[in-house]
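Student: As a plain string of letters, each chain reads:
There are 2 protein chains.
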Amino acid sequence: MAKPKPSFMDTIVSLCKRRGFVFQASEIYGGIGNTYDYGPLGVELLRRVREAWWNGVVVERSDVVGLDSAIIQNPKVWEVSGHVGGFSDPMVDCKKCKGRFRADKLEDAKCPEKPSKQPGQCDGELTEPRSFNLMFKTNVGPVEGSGSVAYLRPETAQGIFLNFLNVMNAGRLKPPFGIAQIGKSFRNEITPGNFVFRTREFEQAEMEFFVPPADYAQWFDHWKNARYEWYKQYGIDPAKLRLRDHEEDELAHYADRCGDVEYEYPFGWGELEGIAGRTDYDLKHHSEGSGTDLVYFDPQTKEKYTPFVIEPAGGINRMALTFLIDAYEEEQLEKDTRVVLHFHPEIAPITVGVFPLVKKDGMPEKAREIEGELRRARMATFYDEKGAIGRRYRRQDEVGTPFCVTVDGDTLSDGVVTVRERDSMEQTTVKVADLRAYLEGAMRTWKRPERVAPAGA
Amino acid sequence: MAKPKPSFMDTIVSLCKRRGFVFQASEIYGGIGNTYDYGPLGVELLRRVREAWWNGVVVERSDVVGLDSAIIQNPKVWEVSGHVGGFSDPMVDCKKCKGRFRADKLEDAKCPEKPSKQPGQCDGELTEPRSFNLMFKTNVGPVEGSGSVAYLRPETAQGIFLNFLNVMNAGRLKPPFGIAQIGKSFRNEITPGNFVFRTREFEQAEMEFFVPPADYAQWFDHWKNARYEWYKQYGIDPAKLRLRDHEEDELAHYADRCGDVEYEYPFGWGELEGIAGRTDYDLKHHSEGSGTDLVYFDPQTKEKYTPFVIEPAGGINRMALTFLIDAYEEEQLEKDTRVVLHFHPEIAPITVGVFPLVKKDGMPEKAREIEGELRRARMATFYDEKGAIGRRYRRQDEVGTPFCVTVDGDTLSDGVVTVRERDSMEQTTVKVADLRAYLEGAMRTWKRPERVAPAGA
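Here the protein sequences line up with chains D and G, keeping their order.
For what it's worth, the numbering used here labels the leading residue of the first sequence as 210, then goes sequentially.
For what it's worth, the numbering used here labels the leading residue of the second sequence as 210, then goes sequentially.
Errors might be hidden in some of the hints.
For chains that are exact copies, the list does not tell them apart, and a pair is met inside one copy or across any two.
[Stated by the list, open to error] With a straight-line Cα cutoff of 25 Å, these simulated BS3-like cross-link-like pairs (lysine-lysine) come out:
1. Lys226 to Lys513
2. Lys595 to Lys575
3. Lys346 to Lys307
4. Lys393 to Lys568
5. Lys575 to Lys383
6. Lys513 to Lys314
7. Lys285 to Lys569
8. Lys304 to Lys326
9. Lys493 to Lys226
10. Lys285 to Lys226
11. Lys513 to Lys383
12. Lys393 to Lys569
13. Lys640 to Lys575
14. Lys314 to Lys304
15. Lys393 to Lys326
16. Lys305 to Lys640
17. Lys285 to Lys393
18. Lys305 to Lys285
19. Lys285 to Lys595
20. Lys226 to Lys214
21. Lys569 to Lys383
22. Lys544 to Lys214
23. Lys383 to Lys640
24. Lys226 to Lys393
25. Lys441 to Lys656
26. Lys393 to Lys346
27. Lys449 to Lys656
28. Lys346 to Lys285
Keep in mind that the hints were calculated from the coordinates and are not lab data.
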């Protein structure tokens, strides 16, 4: 019997492990539910995604600044934000097997004793649903007990609201302005899943944009479009992207509007990034809760108001997964199939592979020298001298390296190398002296190639 | 009576808050012990330090790769690593006031009821010392209880040992090679302090370098020197840096040798980074604990061994504090004193200030245009048109911006701007067309200026 073809997600997971993008966390100890570690290529992918987000949201704009707030804040923060009271899922317990399940996702759950049935469909009687808070709890200081309870933040946003006045005053800012943050958030999800799409621990990228109330609607539209365009700019297939406005009954307690950038994943359309209109909900609540007036006050005009807030919020891990999935292609060539990741050059973990054509005649030394020069100029390089040259190209295709440089006899005699481009597989002769400028130019002018959908997608 | 001069650390803390480097976390809720948030300049400083570390340890080398492992791993990891059993401080309780104190630091503690005395010197009787684990505990999954206990990692190193085989195999690596990681670690310290020098939550930068046992001593020396040189390379005063080898009785349970890069802080010499020889302790323990053989095996030569490990480990926050302290100078000029941070240009949060000389005659528009071009080339810029030009220079000196560009009448007529260098305060006329190349060149050729020690240091 033929081995069944793996699903597209299985193919991605397998590539991720084999080439060092993503490993199961604590794998040698049997893992820990839905937690992942990022290997050498994964960590570089995350770094590129983080940098691209920060460039698009902070560096390239003159109206947004950054912040890095602590994960464990004063617990009062989460009472006032509504998370202690309201950030929860309804759970039911099975009185027979003692399992606990999400009451609103029972159809996805399996009875631990009879996996063909849902909990409650076998003998076990289910309790009434009770709410189960999604925040991870811990204790700070030497004494365990209610007095020392603290939470791991479930979102980075609150750290921004807490620092609204400090940031505005230190930077002499005036709305409209934004404060952006990237950092770990934690949610004790009962049903995480789909590889790194939803994990208990994830890296959030959020920006709170503070505006005069009158300009709220217009800035909301601005950010929805800006964030949608960012994904296209970094090469995501526009045919798999859409903007979807939330229905009234989908909105979180703090939001009066929300638009999602959605992507068509192998498991269906899913949220890639949410752009929420948080009104003045958070600043007002923290003003009341803390006794500190979180308002903008103009000393000249005596104008005073609580800004309204627009929040683009996404996950760096989910973005990275999306770039991976979207870049993947099994391309049918004349004689065979090649696996290639068509990453945007600024997203690709490795920018340049450097190879000696053969392992003799001084080529390895020359290739190492060229690789070292690019590396010291802080290009992400990879030196490879193992196996046939065609096979080395393919190994780099599989991890999305946009350029490979081959050192051959002409390099030693005429000072030229061959640059092979990943998407077109075209080869160009370039002078060693011009190599860096050539590669930088090719990075800038890269265009997403037209291509067929990946197998299984 | 004259106001007493603030201590040097008070001056740094005050500058950090006023200019947006570091704020007290949850300040509007009265804070949370020794926890800090990084404002717009602080987050950029952290980003630069992180990048400089990653460049020095990963990007510029061909023998080190990166990793990003989860904060919450399988709890078994911390049993095997020795942290559940041994990562603790001895604590005593006062039977009268119920306070808890570090038994080995009683002389630094204050009796909560009679703050002029130490605990135990007043009426209260102290219990025998008991060990108090420094790891933060939490529960994962829907059920609280011993079965779901997990820990926030107290060091990033273990995540590297867990992934040793996966990383080695995916990257086809052979010792000597290193795996580096930057990420948050958490220690429930009872006596944190000295601003961001020691905090409960901190960003660790660690690298585990795996070597054949025979090459252990030589690689240990290599890394001690490489890390010491890195600080000098980024402009830290060599007179305030030293390498100090640990005495036998200072060594952690996993180490057989350790050298610290120490810095002379305002509060005395302190550890800036530790380079530890961890032998084969961790790989051996995890091999036994997990049943997975964490060894290097060469399929050709059939050579098989457990690598020895050298670990440079530091904190990004502490490095950032050190760069801040070391860069600070109150420079006596002819007529007044200027506060200036002499940051290395790659460490400075802002690279270029851009100013119109006056707010008229098209100068603001031209300055904004130049600032926008530099910004889109991803230079960290700051536009300022408020106040006298001299005052604007001083405001940038105080946050360590190495270059300021002023747009004046000559810019509009002749296409030239004035570039003012922070350390020398020298001004140079540069063509707008050459500005970016000029700034990049000046960044590369920057040298740490000779200077007197800062007041109070």
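Student: Hints first: check each against the structure and report whether it holds.
Tutor: Against the structure, the hints:
1. Proximity of Lys226 to Lys513 under the C-alpha cut-off of 25 Å is restricted to the inter-copy arrangement: shortest distance 24 Å between copies versus 54 Å within a copy.
2. For the homomeric pair Lys595 and Lys575, the shortest alpha-carbon distance inside one copy (16 Å) is at most 25 Å, but the shortest distance between copies (54 Å) is not.
3. Proximity of Lys346 to Lys307 under the C-alpha cut-off of 25 Å is found in both arrangements, the shortest distances being 22 Å within a copy and 24 Å between copies.
4. Neither within a single protomer nor between protomers do Lys393 and Lys568 lie at most 25 Å apart by alpha-carbon distance, with minima of 45 Å and 42 Å respectively.
5. Taking the closest pair of Cα atoms, Lys575 and Lys383 come within 25 Å of each other only across two copies (22 Å); inside a single copy the shortest separation is 55 Å, beyond that limit.
6. In this homomeric assembly, Lys513 and Lys314 never come within 25 Å of each other (Cα to Cα): the closest approach is 46 Å inside a single copy and 50 Å across copies.
7. Proximity of Lys285 and Lys569 under a CA criterion of 25 Å is satisfied in neither setting, with 67 Å inside one chain copy and 49 Å between copies.
8. With identical chains, the CA atoms of Lys304 and Lys326 are at most 25 Å apart within one copy only, with a shortest distance of 16 Å there and 55 Å across copies.
9. For a Cα distance limit of 25 Å, the shortest separation of Lys493 from Lys226 across copies, 24 Å, qualifies, whereas the shortest one inside one copy, 46 Å, does not.
10. Within a single copy, Lys285 and Lys226 get their C-alpha atoms only as close as 41 Å, which misses the 25 Å cut-off; across copies the closest is 22 Å, which meets it.
11. Taking the closest pair of Cα atoms, Lys513 and Lys383 come within 25 Å of each other only inside a single copy of the chain (11 Å); across copies the shortest separation is 64 Å, beyond that limit.
12. In this homomeric assembly, Lys393 and Lys569 never come within 25 Å of each other (Cα to Cα): the closest approach is 48 Å inside a single copy and 45 Å across copies.
13. In this homomeric assembly, Lys640 and Lys575 come within 25 Å of each other (Cα to Cα) only inside a single copy, at 14 Å, whereas the closest approach across copies is 38 Å.
14. For a Cα distance limit of 25 Å, the shortest separation of Lys314 from Lys304 inside one copy, 18 Å, qualifies, whereas the shortest one across copies, 50 Å, does not.
15. Taking identical chains as interchangeable, the C-alpha atoms of Lys393 and Lys326 are never at most 25 Å apart, the minima being 36 Å within one chain and 42 Å between chains.
16. Within a single copy, Lys305 and Lys640 get their C-alpha atoms no closer than 74 Å, and across copies no closer than 80 Å, so neither meets the 25 Å cut-off.
17. Proximity of Lys285 and Lys393 under a CA criterion of 25 Å is satisfied in both settings, with 20 Å inside one chain copy and 23 Å between copies.
18. With identical chains, the CA atoms of Lys305 and Lys285 are never at most 25 Å apart, being 37 Å at best within one copy and 29 Å at best between copies.
19. For the homomeric pair Lys285 and Lys595, neither the shortest alpha-carbon distance inside one copy (58 Å) nor that between copies (38 Å) is at most 25 Å.
20. When the C-alpha separation of Lys226 and Lys214 is checked against a cutoff of 25 Å, the pair qualifies only within one copy, where the shortest distance is 18 Å, while the shortest distance between copies is 59 Å.
21. For the identical chains of this complex, Lys569 and Lys383 are inter-copy neighbours only, at 21 Å across copies versus 64 Å inside a copy, given an alpha-carbon limit of 25 Å.
22. Only within a single protomer do Lys544 and Lys214 lie at most 25 Å apart by alpha-carbon distance; the minimum there is 21 Å, versus 79 Å between protomers.
23. Proximity of Lys383 and Lys640 under a CA criterion of 25 Å is satisfied in neither setting, with 51 Å inside one chain copy and 33 Å between copies.
24. Within a single copy, Lys226 and Lys393 get their C-alpha atoms as close as 23 Å, and across copies as close as 24 Å, so both meet the 25 Å cut-off.
25. When the C-alpha separation of Lys441 and Lys656 is checked against a cutoff of 25 Å, the pair qualifies only within one copy, where the shortest distance is 11 Å, while the shortest distance between copies is 42 Å.
26. Taking identical chains as interchangeable, the C-alpha atoms of Lys393 and Lys346 lie at most 25 Å apart whether they share a chain (15 Å) or sit on different chains (17 Å).
27. For the identical chains of this complex, Lys449 and Lys656 are intra-copy neighbours only, at 17 Å inside a copy versus 50 Å across copies, given an alpha-carbon limit of 25 Å.
28. In the homo-oligomer, the alpha carbons of Lys346 and Lys285 lie at most 25 Å apart both inside one protomer (13 Å) and across protomers (20 Å), since each shortest distance falls under that limit.
Hints 4, 6, 7, 12, 15, 16, 18, 19, 23 from the earlier list are contradicted by this structure; the remaining hints agree with it.
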